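Undergrad: Throw the hints in and build the complete structure from the sequences for me.
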Amino acid sequence: MSTLLPAIGFGLVTAALLAIAAVGFTLQFGITNVLNLSYGSVLTVGAFIAYLLAIRGVNIWLALVAAGAGGAVISMALNRLIFAPFARRGAGLFGMIIVTVSVQLVIEYGLQAAFGVNFMSFPGIDQGPTIHVLGMVFTELQLIIVGIAVVAMIIIHLILQYTRLGMAMRATATNPSLARNAGVPTKRIIDATWLLSGALCGISGVTLVLGIQSFDFTIGQKFLITIIASAVLGGIGQPYGAMLGALTVALAGSIVANYTSSAYNEVTAFVILIAVLLVRPQGILSEVATAKEVVT
Amino acid sequence: MNAGFQLYLATLVVYFAVYAIAAMGLSIQYSYAGVVNLAFIVFQAAGAYTAAVLTLGPDTRIAGFQTYILGYELPFPIPLIAAAAVGALLSSVVGVIALKKLRRDYQAMAFLVLSVIATDLVTNLKGLFNGQAGLALIPSPLQNELGLSYGDYHWAYAIYAVVLTALVYGVCRWLGNSPLGVSWRATRDNETSAAALGKNVARVRLSAMAVGGALAGLSGAVLVQFITVWEPNSWLFPETFVLFTSLIVGGLGNSKGVLLGVLAVPILLLQGPSFLPEFGRTGLVDSLEWVIVGLVTLVFLWFRPKGLLPERPRRLDKYRSKGLQALLRPRLNRDVGGPPA
Amino acid sequence: MIGVSPQPTATVGEKHGLLRVDSLSRSYGGVKAVVDLSFDVPASGITGLIGPNGAGKSTALGIVAGDIRQSSGRVTFDGRDISDYASHRRAQLGLVRTFQMSGEFGKLTVLENLITAVPTVGESVSGALLRRPAWRTALDAVIARALELLDRFDMANKTDTWASDLSGGQKRLVEIMRGLMASPKLLLLDEPMAGVNPELRKRIETHLLELRDDGLPMLMIEHELSVVERCCGHVIVMARGLKLAEGTMADHRANEAVRSAYLA
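Protein chains in written order, with numbering that gives the first Met the number 0: chain A, 0 to 295; chain B, 0 to 340; chain C, 0 to 263.
Derived from the structure by calculation, the hints contain no laboratory data. These numbers were taken from a predicted model, which means no experiment stands behind them. Please note that a few of the clues may not be correct.
To be verified - Restraint-style ranges between C-beta atoms, simulated for each label pair:
{"hint": "1", "chain 1": "A", "residue 1": "Val278", "chain 2": "B", "residue 2": "Val161", "range": "41 to 51 Å"}
{"hint": "2", "chain 1": "B", "residue 1": "Leu136", "chain 2": "C", "residue 2": "Pro132", "range": "41 to 51 Å"}
{"hint": "3", "chain 1": "A", "residue 1": "Phe114", "chain 2": "B", "residue 2": "Leu275", "range": "14 to 24 Å"}
{"hint": "4", "chain 1": "B", "residue 1": "Leu6", "chain 2": "A", "residue 2": "Ala262", "range": "55 to 65 Å"}
{"hint": "5", "chain 1": "B", "residue 1": "Gly279", "chain 2": "A", "residue 2": "Ser260", "range": "47 to 57 Å"}
{"hint": "6", "chain 1": "C", "residue 1": "Ala143", "chain 2": "B", "residue 2": "Val228", "range": "55 to 65 Å"}
{"hint": "7", "chain 1": "B", "residue 1": "Thr227", "chain 2": "A", "residue 2": "Ala274", "range": "32 to 42 Å"}
{"hint": "8", "chain 1": "B", "residue 1": "Asn232", "chain 2": "A", "residue 2": "Pro5", "range": "28 to 38 Å"}
Claimed, not checked - PhoX-like mimics (lysine-lysine), calculated; alpha carbons at most 25 Å apart, straight line:
{"hint": "9", "chain 1": "B", "residue 1": "Lys305", "chain 2": "B", "residue 2": "Lys317"}
{"hint": "10", "chain 1": "A", "residue 1": "Lys221", "chain 2": "B", "residue 2": "Lys125"}
{"hint": "11", "chain 1": "C", "residue 1": "Lys106", "chain 2": "B", "residue 2": "Lys255"}
C-beta atoms are modelled at their ideal positions from N, C-alpha and C, and glycine is treated no differently.
TA: Set out below in structure tokens:
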């Protein structure tokens with residue numbers, strides 16, 4: 000029992016940064032129907048942008064915003080320049096996967112070719128004092144990460160519930176052709192979706208690196224399946240589901256690792272994903288797992 | 000031609016054979032079972048591990064060096080056959096679960112995760128195949144019996160690999176032009192119609208999974224008995240992707256296209272740079288190779304998605320035997336440009 | 000049923016038809032597609048299945064073929080209860096169906112499309128590899144039959160063409176030929192002439208009548224009443240999931256209920 004609470008605490012922090020990425024992923028997959036396996040590389044790019052700024056002395060908060068902006072722009076560009084054209088050419092659901100994996104290879108190995116394979120870490124970040132909450136131990140930095148996640152989730156919630164964009168996004172996620180016929184400007188919704196998910200992805204990259212402190216260019220790929228597990232568990236297209244999924248996956252992984260070994264943290268996420276795909280592919284909250292068309 | 004270069008060439012030939020056999024297997028699984036097996040490399044690994052632990056002696060022989068299961072020291076070609084069998088069996092089991100009605104991208108996701116779980120399991124269960132460190136000192140077949148020099152043995156192995164590839168190629172073409180092949184393609188084109196004609200669609204798909212899996216396992220055995228080491232890093236997801244790229248470049252649905260694709264991608268593209276003079280820092284060339292693989296895939300998907308040798312209609316001649324040809328001689332003129340429909 | 004018809008009609012209880020459906024029902028959620036449907040299909044002639052849109056004809060055919068599972072009721076074929084049989088098993092018994100749309104194997108040649116209809120020992124992995132001489136000979140016979148059919152339907156010059164490269168009407172002919180290759184005991188046709196140009200419709204109709212005269216019984220869903228008049232002896236009328244009447248077209252034209260629901 001003595002190690003359980005800290006494990007739960009650790010799980011909560013992981014859940015926080017996982018949730019940011021998972022919400023971005025689920026919104027994008029739910030609305031565009033593209034299984035974007037290059038999502039991890041956007042995460043890497045976000046972390047890298049922040050790193051480049053941080054080593055030049057830029058304030059970490061500004062770096063965070065820059066990472067989000069960079070992620071947003073890159074995601075939208077990828078869709079406009081690559082994904083959408085391929086989809087219009089009739090790439091189909093599996094063809095798009097090959098396209099996104101190719102993009103991931105080009106981005107991550109391109110970065111590696113340009114900047115090397117060494118590990119990098121953010122300069123001048125210290126963990127801060129330890130804080131005790133309900134028997135769990137956190138560093139100040141960890142709580143900041145959780146805070147960033149909470150703020151991001153609140154912003155998403157406000158966008159989805161109270162803006163026209165958010166309502167349109169929810170409509171398109173449920174039924175794209177109906178939404179189009181009802182006059183929802185789908186093209187703008189699609190752009191907004193990629194921008195939003197890219198921003199979330201970039202931000203989560205920064206929080207992840209703040210959490211683990213050093214990274215190389217493979218970090219996005221390593222984290223991707225855990226992100227997907229959270230999104231699928233919660234139900235694709237359901238942002239609140241993704242938050243729930245992230246919480247479940249992170250806590251489960253942390254607890255399992257506590258009782259076995261740290262190696263099994265990741266595997267837990269993978270096993271959860273397989274189980275969901277076999278038993279209930281729509282996940283906890285979603286009804287929709289049947290749409291066949293890619294939405295451009 | 001110095002000895003080192005000769006050795007390298009022999010290695011290249013073996014690699015070509017291994018990729019070719021594996022790619023033919025993947026082609027059958029993807030084209031005819033309709034399964035997006037992003038975990039294909041795991042089946043090759045299963046074959047490799049099987050061959051390894053069957054040719055190695057018991058792990059207690061060199062105490063504490065490596066731990067693994069079995070270790071029966073079986074002679075050639077038993078480990079080879081066992082590897083193919085394991086590949087087929089594993090593929091069938093996975094196929095039964097995977098052929099459920101998941102939409103294609105979810106199915107792909109499931110396989111991707113499966114591949115990572117397999118890597119994690121093998122890495123963590125050290126007693127299985129010696130974990131992260133992998134297996135080493137795997138004996139090559141008939142080395143003592145043939146008593147060849149180091150270089151000569153490598154060339155003998157290369158020839159053996161090529162012969163095996165030719166056999167596999169022949170078998171694949173045979174199967175492709177048999178009623179099974181026609182059933183495979185019919186089920187691929189239109190599952191409902193195939194069932195309406197009496198085909199057991201699940202069984203047809205499963206047979207494609209099994210044949211493809213057997214080839215995957217076989218390719219693993221051929222590879223592992225040549226390079227004599229095998230560890231989790233030898234079979235990561237990018238390897239599967241390289242095979243898919245080969246199929247996209249070469250062309251699906253015909254064995255010639257597969258061979259061309261394998262020549263173009265893993266061999267020319269990925270091994271070619273070894274001939275260039277060293278430039279840049281270490282790892283630069285490796286990284287660039289992957290960038291180029293990604294770009295090549297995108298380019299081909301855009302400009303020539305059917306590949307360099309796309310599938311073509313199989314003419315009547317492929318199916319009829321000599322006896323029938325004689326029977327139909329008066330007809331032969333008619334079925335090429337007869338009365339308009 | 001009053002009136003004498005040239006084709007034998009099955010009367011309830013006395014002589015059972017080749018195909019018999021008893022009290023078939025099928026609902027989708029709250030919508031009742033087929034309700035308590037019972038009819039007989041005799042062992043010769045072309046039996047028509049007609050009715051307005053939404054009458055449940057395609058659903059009924061789908062249940063008979065095994066593509067759709069009935070909510071309740073029974074299907075009997077050739078004396079055997081096939082209600083629980085999968086569609087491929089029914090096909091193996093001789094109950095073969097054609098499709099209204101895109102039933103062809105697109106990336107197979109016309110010849111290959113026809114070959115697939117005949118099971119041979121070369122269709123398993125072991126069979127294909129180990130019993131090659133056996134299936135080679137069997138295949139020769141199948142190919143000879145196929146070529147004959149292609150001649151008969153005037154499609155010989157399309158033998159090596161991919162089915163996806165054919166016109167809509169030609170695809171329809173391939174569909175029918177393929178069904179014939181399967182040596183059916185009863186052929187199920189779902190609007191074989193829908194969306195086909197008039198000249199080709201005439202040809203299809205002629206072929207169907209020839210097949211009928213050769214002794215092949217068929218069950219055909221058809222919208223064009225003139226075709227039904229010319230081709231069908233026994234006709235079943237459906238509307239809103241129910242069977243309205245069963246008999247000859249003459250009977251139906253005299254039937255008030257059928258007239259008001261369907262006939263002009």
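Undergrad: Are the hints correct? Go through all of them and say.
TA: Now for the hints, and whether the structure bears them out:
For the pair A/Val278 and B/Val161, the beta carbons lie near 46 Å from each other, so the given range of 41 to 51 Å is met. A beta carbon spacing of about 46 Å between B/Leu136 and C/Pro132 agrees with the range 41 to 51 Å that was offered as a hint. With their beta carbons about 21 Å apart, A/Phe114 and B/Leu275 fall inside the hinted range of 14 to 24 Å. Distance hint for B/Leu6 and A/Ala262: a CB-CB separation of about 38 Å, inconsistent with the stated range 55 to 65 Å.
One distance hint, 47 to 57 Å for the beta-carbon pair B/Gly279 and A/Ser260, is violated here, with the actual separation near 39 Å. For C/Ala143 paired with B/Val228, a C-beta distance near 56 Å keeps the hint of 55 to 65 Å intact. With their beta carbons about 38 Å apart, B/Thr227 and A/Ala274 fall inside the hinted range of 32 to 42 Å. Between B/Asn232 and A/Pro5, the C-beta spacing of about 33 Å keeps the proposed range 28 to 38 Å intact.
Proximity of B/Lys305 to B/Lys317 is assessed by CA-CA distance (about 22 Å); at most 25 Å being required, the pair is judged to hold. Restraint check for A/Lys221 and B/Lys125: satisfied, since their Cα atoms lie roughly 22 Å apart, inside the 25 Å limit. At most 25 Å may separate the alpha-carbon atoms for a hinted pair to count; C/Lys106 and B/Lys255 meet this at roughly 18 Å.
Taken one by one, the earlier hints fail for this structure at numbers 4 and 5, listed in ascending order.
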